[in-house]
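Chemist: Mind assembling these two chains? They're in different frames, but the hints should get you there.
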Amino acid sequence: AQSVTQLGSHVSVSEGALVLLRCNYSSSVPPYLFWYVQYPNQGLQLLLKYTTGATLVKGINGFEAEFKKSETSFHLTKPSAHMSDAAEYFCAVSKTNFGNEKLTFGTGTRLTIIP
Amino acid sequence: DTAVSQTPKYLVTQMGNDKSIKCEQNLGHDTMYWYKQDSKKFLKIMFSYNNKELIINETVPNRFSPKSPDKAHLNLHINSLELGDSAVYFCASSQLFPSRGDNEQFFGPGTRLTVL
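Those protein sequences? They're chains A and B, same order as listed. Just so you know, the working numbering puts the end of the first sequence at 115, numbered straight through with nothing missing. Just so you know, the working numbering puts the end of the second sequence at 231, numbered straight through with nothing missing.
Treat the hints with care, since some could be wrong.
As the list claims (entries may be wrong) - 27 Å max Cα-Cα, derived BS3-like pairs, lysine-lysine:
no. : chain 1 : residue 1 : chain 2 : residue 2
1   : B       : K137      : A       : K69
2   : B       : K134      : B       : K167
3   : B       : K167      : A       : K95
4   : A       : K95       : B       : K124
5   : A       : K68       : A       : K95
6   : A       : K68       : B       : K159
7   : B       : K155      : B       : K167
8   : B       : K159      : B       : K124
9   : B       : K186      : A       : K49
10  : B       : K182      : B       : K134
11  : B       : K182      : B       : K151
12  : B       : K167      : B       : K182
13  : A       : K49       : B       : K134
14  : A       : K95       : B       : K159
15  : B       : K186      : B       : K137
16  : A       : K49       : A       : K69
17  : A       : K49       : A       : K68
18  : B       : K156      : A       : K58
19  : B       : K155      : B       : K186
20  : B       : K155      : A       : K49
21  : B       : K151      : B       : K186
22  : A       : K49       : B       : K156
23  : B       : K137      : B       : K167
24  : A       : K95       : B       : K182
25  : A       : K49       : B       : K159
26  : B       : K156      : B       : K137
27  : A       : K95       : B       : K186
28  : A       : K69       : A       : K58
29  : B       : K159      : B       : K186
30  : A       : K95       : B       : K156
31  : A       : K95       : B       : K155
As the list claims (entries may be wrong) - Residues from chain B that face chain A, not an exhaustive set, calculated with beta carbons under 8 Å:
no. : residue
32  : L142
33  : I160
34  : N172
35  : F205
Because the hints were derived from the structure by calculation, they are not lab data. A virtual CB, placed ideally from N, CA and C, is assigned to each residue, including glycine.
Next comes chain B alone, as it looks inside the complex (with noise of 0.2 Å):
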């Protein structure tokens, strides 16, 4: 069974176009996040919800719009596509046991997105 899914796996389109990526966690985990991941493997986080509620919101452009349906679900929804959208997206989950307050996180597989 997949913990942490995410669809679709690969996705091109054109700049200017409007996109989701959906992920669901089938972890029982309260949090969950976005990072992207660029073309130099760099990794950063953009978003993170808490019980359905937004919690981290780095600086990204506001035509990327997290949603959150349910604990077990973050989608993610691009605007307005720019070349520079182009990296792979990926969506984690974790679960604060605040006993021991660390913050394991599970990984998605990634959604590879290409702005041509």
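The shape of chain A in the complex, shown without the other chains (with noise of 0.2 Å):
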């Protein structure tokens, strides 16, 4: 079974600072690992994705995040915030087999930037 865990359900940052967007996964097999974003009253948006290859993974809006398998994690980080960066981040986790795999998702985390 697969499994997130997204540490801390509320992160503060002012504008400009770090953010810092904590994932940590359980997998039986090497896993594929996802970031998703979602703005208020919105769907869910991709950010991010890890498969195979290199582990400091580049996305949309300046994110990136790096696989840490000896540490089980996928960090989100943005050198500096902006106040369009408020939303909802999901981590998840799928299984690199064939077939049409479901997403497994973390509790999710809400960015707030303050001004």
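Modeler: Here's what the structure looks like:
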């Protein structure tokens, strides 16, 4: 079984400060990992994903995440927060085997940007 | 052009009623999903269809019945609605590329269901 733990249901950072959202996963097989963002009253939008290859993954809007197998982590970072980054962020995991696998989501982290 | 669309966006109804939510994707994907997001924002898979065949059916009450008339559409019918069914329901689609093996899913805007 797979699972995802997001530490901190709410994170507040000042505009211009570093954003760090934590995600740890549990998987019996090498995982595929995703970060999605949900703006108020909208659907989910993919920020970035890790499948294979380079462990540092760059996504949209200046976000990046690093897959660390030894720490079973996939933390999301952005060097400088912008007001428009305020949203709910979800980490998700799926299996790598063939077949159309479901995504297992974490419980989400609400990011608030302080002006 | 909207990639994954859902109708209606909002649905308010009384307990005991039967309602449907429709989903359409114009991405040419072969797999579609229904997720439920509860009041605490927790997202959980309900169903998945691949080329009109049910492939994932999580522990969901049988009052929920998905129907896929073709691979571009996946509708969700709910019978005898209960208060606990109030949630946001998201449709998603994906195309599996065996050579890549990943599973990027594209989500619709959601349908907020309120049961009174």
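Chemist: Could you run down the list of hints and mark each one as holding or not?
Modeler: Results of checking the hints against the structure:
1. B:K137 - A:K69: violated, 40 Å
2. B:K134 - B:K167: Distance ~21 Å between K134 of chain B and K167 of chain B Cα, so the pair holds.
3. B:K167 - A:K95: Given pair K167 of chain B, K95 of chain A holds - Cα atoms ~22 Å apart, limit 27 Å.
4. A:K95 - B:K124: violated, 31 Å
5. A:K68 - A:K95: holds, 17 Å
6. A:K68 - B:K159: holds, 25 Å
7. B:K155 - B:K167: violated, 31 Å
8. B:K159 - B:K124: holds, 19 Å
9. B:K186 - A:K49: Given that 27 Å is the threshold and the Cα spacing comes to 25 Å, the pair holds.
10. B:K182 - B:K134: Holds. K182 of chain B to K134 of chain B sits at ~13 Å (cutoff 27 Å).
11. B:K182 - B:K151: Between K182 of chain B and K151 of chain B the Cα gap is close to 16 Å, so the pair holds against 27 Å.
12. B:K167 - B:K182: Holds: K167 of chain B and K182 of chain B sit about 8 Å apart, inside 27 Å.
13. A:K49 - B:K134: violated, 35 Å
14. A:K95 - B:K159: holds, 16 Å
15. B:K186 - B:K137: holds, 13 Å
16. A:K49 - A:K69: holds, 15 Å
17. A:K49 - A:K68: Holds, because 13 Å separates the two Cα atoms, which is no more than 27 Å.
18. B:K156 - A:K58: Answer holds: K156 of chain B to K58 of chain A is near 25 Å, not above 27 Å.
19. B:K155 - B:K186: violated, 31 Å
20. B:K155 - A:K49: holds, 24 Å
21. B:K151 - B:K186: holds, 21 Å
22. A:K49 - B:K156: The hint holds at about 21 Å.
23. B:K137 - B:K167: holds, 15 Å
24. A:K95 - B:K182: The hint holds at about 25 Å.
25. A:K49 - B:K159: holds, 19 Å
26. B:K156 - B:K137: Holds. K156 of chain B to K137 of chain B sits at ~21 Å (cutoff 27 Å).
27. A:K95 - B:K186: Between K95 of chain A and K186 of chain B the Cα gap is close to 23 Å, so the pair holds against 27 Å.
28. A:K69 - A:K58: holds, 17 Å
29. B:K159 - B:K186: Since the Cα atoms of K159 of chain B and K186 of chain B sit roughly 22 Å apart, the hinted pair holds (cutoff 27 Å).
30. A:K95 - B:K156: holds, 23 Å
31. A:K95 - B:K155: holds, 25 Å
32. L142: violated, 13 Å
33. I160: Hint holds; I160 of chain B Cβ to chain A Cβ min 4 Å, cut 8 Å.
34. N172: Check failed: Cβ of N172 of chain B comes no nearer than 11 Å to chain A, outside 8 Å.
35. F205: holds, 6 Å
In summary, the structure is inconsistent with hints 1, 4, 7, 13, 19, 32, 34 from the numbered list given earlier, while agreeing with the others.
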